[in-house]
Amino acid sequence: MGSASSRSSGASGIGYEDAKKGMNQALESDKTKTAVDIAVTGALAVQPNGPAKVPAYNCLKHTNTLIQTTQKDGIGKGIQETGKNVAKSQIAGQAAGGVVDTSQQAVTMAAENDTVSKGVEEANKNFNAASEQAAKDTLGAVFSNGADAMMSGGSNNDE
Amino acid sequence: MSEDGFIDVDQVEQNVQDFIEEHGTEGVFVVYFRQFIFRFIMQELKSEDEEIDDIGTQLHLDVTEGDEVLQVKREQMLERCEDWARDLVDDLKDDEVVGEVIEFGDFNRLDDEDVEERVEEAIDEKFGDWANQLEEFLEEVE
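For the protein sequence lines, the chains are A and B, in the order given. So the first sequence is numbered by the working numbering: it starts at 398 and just counts up by one. So the second sequence is numbered by the working numbering: it starts at 158 and just counts up by one.
Please note that a few of the clues may not be correct.
If you want a taste of the chain B side facing chain A, the calculated C-beta under 7 Å gives, among others [said to hold, decoys possible]: (1) Phe176; (2) Glu183; (3) Ile198; (4) Glu225; (5) Val226; (6) Trp241; (7) Leu267; (8) Val272; (9) Glu273; (10) Phe294.
Derived Cβ-Cβ restraints for the label pairs, each shown as a range [unchecked claim]: (11) A:Met506 - B:Glu178: 23 to 33 Å; (12) A:Gly447 - B:Asp167: 22 to 32 Å; (13) A:Lys474 - B:Asp224: 20 to 30 Å; (14) B:Glu179 - A:Gly495: 21 to 31 Å.
For the record, the hints were derived by calculation from the structure and aren't laboratory data. Quick caveat, the model's predicted, so the values are computed rather than measured. Don't be surprised by glycine CBs; every beta carbon is placed ideally from N, CA and C.
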C-alpha cells in the first residue's frame, strides 16, 4: 500500500518517493532518529488535508473519553461511556489483552460511528489503521504502565 | 496485571489515575499522537519493502518481539515519535480554544465541531511546517 501525496515538500521538488528511499537508507545506516524525521516530514506531513484527519481525530477523542472517564468513575464506566455495554465484573475476568481489546473496540466503534455520520467513510484511508492502532497502543500503555507510558519530556530539537 | 496475565482492574484504574495526575489530558494527546506517528511509519515501511529480510519489514512484522537490535531501534523510533508528537501538541495548546480543552481536561468539548475543526486545521498547518523540513533531514543520509 502506498500513499498518494497532494503536497510536495517545500519548493525543492523533493517528493514522497525520495522520502521513502531516504527513510530506508537511514534505517540501514543506523540513523534511526533521522529515519523517523524523514518519515514524518516526507511521508506523514504530505498526506492530503481534510477528511483524512477525521478518523485520527475521532480515535483521539474517544481514547481520551475512555481514559478520562476511567480516571473519574472506573474502567467499566469508561468503556460504557465510550460506547460498549460491558460490566466491570466481565472485565475483571479477562486477560489483560482482552481488556485493552474491549476498550479499543469501544473506541473504534464510537469513532467509526462519528466518521460515518460525517459522510466521509470513503475518504482517504491512509490514517484509518494508524488511528485505530494508536488508540489501542495508548490504552495498553496507560493501563499497563501508568505515568511511565510517557517516554520522555524532550523537545523536537534535542538531538 | 497479575503474573498469569489476568488483569487486576484496580491496578489498571490506579495506573490511569497515576497517568492523568502526572500528565493530564496533554499526556493522552502526546501518547496517542506518538503511537499514531509510529504506526503510520510502520505502515509506510511495510508498503516500501520488496525484500522480506529488509530491516524495515522486520521492524514492521515484529513489533512486540524480536531480537535486541530491532527492539532497541523500535524504542529509539518511539522516542523520536514522541518528540514530534510533543511538537504537535505544543502547537495545539497555543490555540486559544483547543489549549483550554487540553488544559482543563473538559473532554466533552471535543464533541464540539469548532474544536474538531481547529484541531484538524492546526494539524494541517503543522504538517505544512514539517513538510518544509524534509530536505535538511535527507541531507543527513547523503
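Status of the hints after comparison with the structure:
1. Taking 7 Å as the C-beta cut-off, the interface hint given for Phe176 (chain B) holds, the closest approach to chain A being about 5 Å.
2. The criterion of a C-beta within 7 Å of any C-beta in chain A is not met by Glu183 (chain B), whose closest approach is roughly 10 Å, and the hint is violated.
3. Checking Ile198 (chain B) against chain A: minimum C-beta separation of about 4 Å stays under 7 Å; hint holds.
4. With its C-beta approaching chain A no nearer than about 14 Å, Glu225 (chain B) sits outside the 7 Å limit, and its interface hint is violated.
5. With its C-beta approaching chain A no nearer than about 10 Å, Val226 (chain B) sits outside the 7 Å limit, and its interface hint is violated.
6. Residue-level restraint check for Trp241 (chain B) holds (minimum Cβ-Cβ distance to chain A is 5 Å; threshold 7 Å).
7. With a cut of 7 Å, the hint placing Leu267 (chain B) at the interface with chain A holds, because the nearest CB-to-CB distance is about 4 Å.
8. Interface hint status for Val272 (chain B): violated, as the beta-carbon distance to the closest one in chain A is roughly 9 Å, over 7 Å.
9. A least Cβ separation of about 6 Å between Glu273 (chain B) and chain A falls short of the 7 Å threshold, and the interface hint therefore holds.
10. This hint holds: Phe294 (chain B) has a C-beta 4 Å from the nearest C-beta of chain A, less than the 7 Å allowed.
11. Between Met506 (chain A) and Glu178 (chain B), the C-beta spacing of about 29 Å keeps the proposed range 23 to 33 Å intact.
12. At about 43 Å, the beta-carbon gap between Gly447 (chain A) and Asp167 (chain B) misses the expected band of 22 to 32 Å.
13. Take Lys474 (chain A) and Asp224 (chain B): their Cβ atoms lie about 41 Å apart, and the range 20 to 30 Å is violated.
14. A hinted range of 21 to 31 Å for the beta carbons of Glu179 (chain B) and Gly495 (chain A) is consistent with their spacing of about 26 Å.
In this structure, the hints that do not hold are numbers 2, 4, 5, 8, 12, 13, in rising order.
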